[in-house]
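> Residue numbers (the UniProt record's numbering), protein chains in the order written: chain A, 1 to 378; chain B, 1 to 378.
Rather than coming from a laboratory, the hints here were simulated on the basis of the structure. Beta carbons are placed, not taken as given, at the ideal position from N, Cα and C, and that holds for glycine. Any given hint could be a false lead.
[Unchecked claim] These stretches of chain A come out as covered by chain B in the derived footprint (C-beta under 8 Å, 3 or more residues):
1. 38-52
2. 137-151
3. 296-309
[What the hints assert, rightly or not] Computed Cβ-Cβ distance ranges for the label pairs, DEER-style:
4. B:PRO247 - A:ALA140: 53 to 63 Å
5. B:ALA355 - A:ARG207: 28 to 38 Å
6. A:ALA355 - B:VAL246: 20 to 30 Å
7. A:PRO282 - B:GLY24: 42 to 52 Å
8. A:ARG207 - B:VAL246: 37 to 47 Å
9. B:SER243 - A:GLY304: 53 to 63 Å
10. B:VAL163 - A:THR33: 41 to 51 Å
Number of protein chains: 2
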Amino acid sequence: MRTMAVIGTGLIGTSVALAACGRGVTVYLSDRTEAAARTAEALGAGVAATPAQPVDLAVIAVPPSQVCAVLIEAQERGLARCYTDVASVKAAPERAALSRAPAPDRYIGGHPLAGRERSGPLAARAELFLDRNWVLTPSALTSDETFDRALELVELCGAVPVVMRSQEHDAAVAVTSHVPHLMASLIAARLREGPPALSLVAGQGLRDATRIAGGDSRLWGDILRSNAPAVAGVLKDLHTDLSRLVPALDALAEPGGGDGDHGMRTLVDLLDRGISGLAGIPGTGRAASAGGHRVRVGVPDRPGELARLLAAVTELGVVAEDAAVDAGVDTGADGGSGLAARFTVPPPVAERMVAELRADGWEAVREHGAARLPSLRE
Amino acid sequence: MRTMAVIGTGLIGTSVALAACGRGVTVYLSDRTEAAARTAEALGAGVAATPAQPVDLAVIAVPPSQVCAVLIEAQERGLARCYTDVASVKAAPERAALSRAPAPDRYIGGHPLAGRERSGPLAARAELFLDRNWVLTPSALTSDETFDRALELVELCGAVPVVMRSQEHDAAVAVTSHVPHLMASLIAARLREGPPALSLVAGQGLRDATRIAGGDSRLWGDILRSNAPAVAGVLKDLHTDLSRLVPALDALAEPGGGDGDHGMRTLVDLLDRGISGLAGIPGTGRAASAGGHRVRVGVPDRPGELARLLAAVTELGVVAEDAAVDAGVDTGADGGSGLAARFTVPPPVAERMVAELRADGWEAVREHGAARLPSLRE
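Just need the whole structure built from these sequences, with the hints factored in.
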């Protein structure tokens with residue numbers, strides 16, 4: 001790929017342009033706001049100009065509802081040989097392109113799973129997509145050349161291509177992104193009405209849980225509208241969940257009992273289902289430690305010895321996501337009874353960890369076989 | 001304070017003990033699970049033993065529903081001169097203590113706003129409470145000596161004391177912590193039932209939004225039950241919010257319109273209320289930049305110049321939470337027309353930033369007067 005056009009120089013468009021420029025591609029920038037295109041140019045993301053010849057690929061980086069109109073306009077003036085977009089909704093733009101675009105075979109939908117709470121070109125970074133998934137949703141008409149160009153784009157941004165149907169994509173992001181965004185907004189909106197003490201008891205947990213609510217409301221309104229059927233379905237499920245949860249809390253709130261036991265079971269069952277749902281999110285510690293190997297280390301029964309071991313483990317650069325302690329075990333060396341610490345670590349690390357801890361005087365052994373997924377409450 | 005007892009050596013109890021030990025206090029550790037107390041001892045958090053004399057302060061670090069029973073037992077055997085706890089619900093334990101404890105004047109409720117998703121003594125850290133708020137909820141009976149001892153505890157953990165009534169605390173944490181936890185659990189639980197594509201489109205936003213759902217489900221069940229009246233109230237409000245939101249999404253999902261405009265207004269209004277709610281959470285960038293000063297820097301109209309400016313600003317160690325660009329302005333030096341970048345920075349930083357950028361050849365000026373809270377969409 002030698003030439004590219006980026007239409008829409010917001011966060012994602014400018015980041016794509018920066019990545020492409022960094023790999024030697026000539027990038028032409030445009031935006032309906034002149035200042036945005038010139039800002040992207042001043043950031044070194046390309047030139048704010050119209051190409052004289054058709055470019056290899058045009059990347060349409062506008063809100064989902066505008067993708068098809070921009071595609072039609074660009075195809076009519078022959079801007080590029082191939083076209084893709086980066087919107088986070090895929091079925092509606094695809095449907096529109098198939099029925100209205102001059103050359104639907106030269107279009108493929110795309111969605112890089114990357115973003116920031118800040119929007120606009122100033123927040124852009126060339127490395128925004130590094131190692132992130134980038135979904136491509138070829139339609140029945142998408143040509144091989146168009147598919148290949150999109151794969152090339154994903155590769156030069158350092159992302160990982162993932163291919164699925166547009167409907168499948170939209171159903172999935174409704175659960176993982178669109179509905180969580182709405183719930184974060186609902187929680188954050190409640191903060192406006194609370195007592196003044198709220199800000200004194202707001203901690204990191206709340207900041208994390210509501211961070212996504214900070215996104216641009218016009219863009220998010222557009223996204224949610226474009227995926228409204230899937231979002232409405234998941235919202236209804238959540239509404240039903242909440243309809244069951246409220247009576248459980250009411251029962252627990254009743255002085256002197258009521259049906260408190262049933263309420264408590266409902267509550268703990270939900271919390272447990274939440275914990276097991278987290279295991280499905282890649283990159284969380286718990287999921288990462290599944291399939292890890294166990295290393296067991298004897299700890300002499302003296303104050304501070306376990307702290308000394310944890311420091312030694314940290315010094316080895318080992319990230320042990322799960323660690324647990326057994327009391328009253330035979331620690332080997334002196335035949336005494338002390339503690340044993342068990343660490344779950346990635347398999348390649350286990351052997352080295354044992355060797356280095358032993359060299360340091362610790363009684364370390366590797367427990368063979370992959371560990372079960374450890375109890376999430378450990 | 002010279003001696004302390006910590007009852008319950010989980011994450012919080014062991015962290016308190018580590019902080020106290022680090023400040024030279026003699027700490028006696030106990031836990032109903034022997035391994036936990038011995039693990040804390042092995043971490044250097046004190047000695048797993050019963051004190052021979054009453055200690056200065058006993059810190060009860062057990063789930064909220066058990067605070068009062070543990071307090072009564074400890075007061076009956078004369079464990080300490082003063083007592084506090086660290087549970088995240090305050091009204092129910094206080095009520096129980098006032099009606100049932102042998103010496104309610106020697107008890108004060110406490111709640112450090114600190115935690116981790118991991119639980120147990122192995123996750124403990126002496127610096128867990130550093131600069132965090134630590135709520136104290138003296139009752140009408142709490143003695144001055146008890147209040148003073150608790151303040152001393154907060155101080156030696158490096159935390160910031162905040163005093164409020166127990167009911168006020170519980171109403172606030174229902175909104176900022178307990179209900180967000182339940183919503184995170186509901187979202188995470190939905191991930192179990194989704195299509196296989198879910199894990200391919202799960203990004204950092206989802207990880208952040210659901211992280212709190214990873215907490216110990218038995219402890220959280222206990223917390224939610226102990227604060228059930230306040231939690232039920234907020235949950236009902238959210239249920240009502242959701243009952244309004246579902247028809248809005250339904251209207252947007254209807255092919256060909258329906259009442260889509262009204263649906264869109266409802267949606268964007270919610271998103272905007274969410275954004276303004278975030279401003280109430282301390283430590284978020286948006287809130288921090290309110291009252292900042294503006295620095296305006298001319299950017300020559302050549303590709304890459306803005307990138308060079310942003311790099312220079314970063315090199316100065318300046319964290320500019322809000323930056324914006326104007327196009328087509330007079331940039332001064334060469335009389336040409338280029339871009340101007342505006343940064344909102346903390347007042348003490350503005351003067352130094354201007355001086356150092358000028359020394360570097362940039363046309364930087366400080367815009368006087370505190371900036372308005374910038375538009376959150378900028």
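> None of the hints should be skipped; say for each whether it holds.
Here is how each hint holds up against the structure:
1. 38-52: holds (count 8)
2. 137-151: violated (count 0)
3. 296-309: With 8 residues close enough to chain B, the hint holds.
4. B:PRO247 - A:ALA140: 53 to 63 Å: At roughly 34 Å between Cβ atoms, A:ALA140 and B:PRO247 fall outside 53 to 63 Å, so the hint is violated.
5. B:ALA355 - A:ARG207: 28 to 38 Å: holds, 34 Å
6. A:ALA355 - B:VAL246: 20 to 30 Å: Because 59 Å falls outside the window, the suggested range is violated.
7. A:PRO282 - B:GLY24: 42 to 52 Å: holds, 45 Å
8. A:ARG207 - B:VAL246: 37 to 47 Å: violated, 27 Å
9. B:SER243 - A:GLY304: 53 to 63 Å: With a Cβ separation near 56 Å, B:SER243 and A:GLY304 satisfy 53 to 63 Å, so the hint holds.
10. B:VAL163 - A:THR33: 41 to 51 Å: Roughly 50 Å apart at Cβ, these two residues keep to the hinted range, so it holds.
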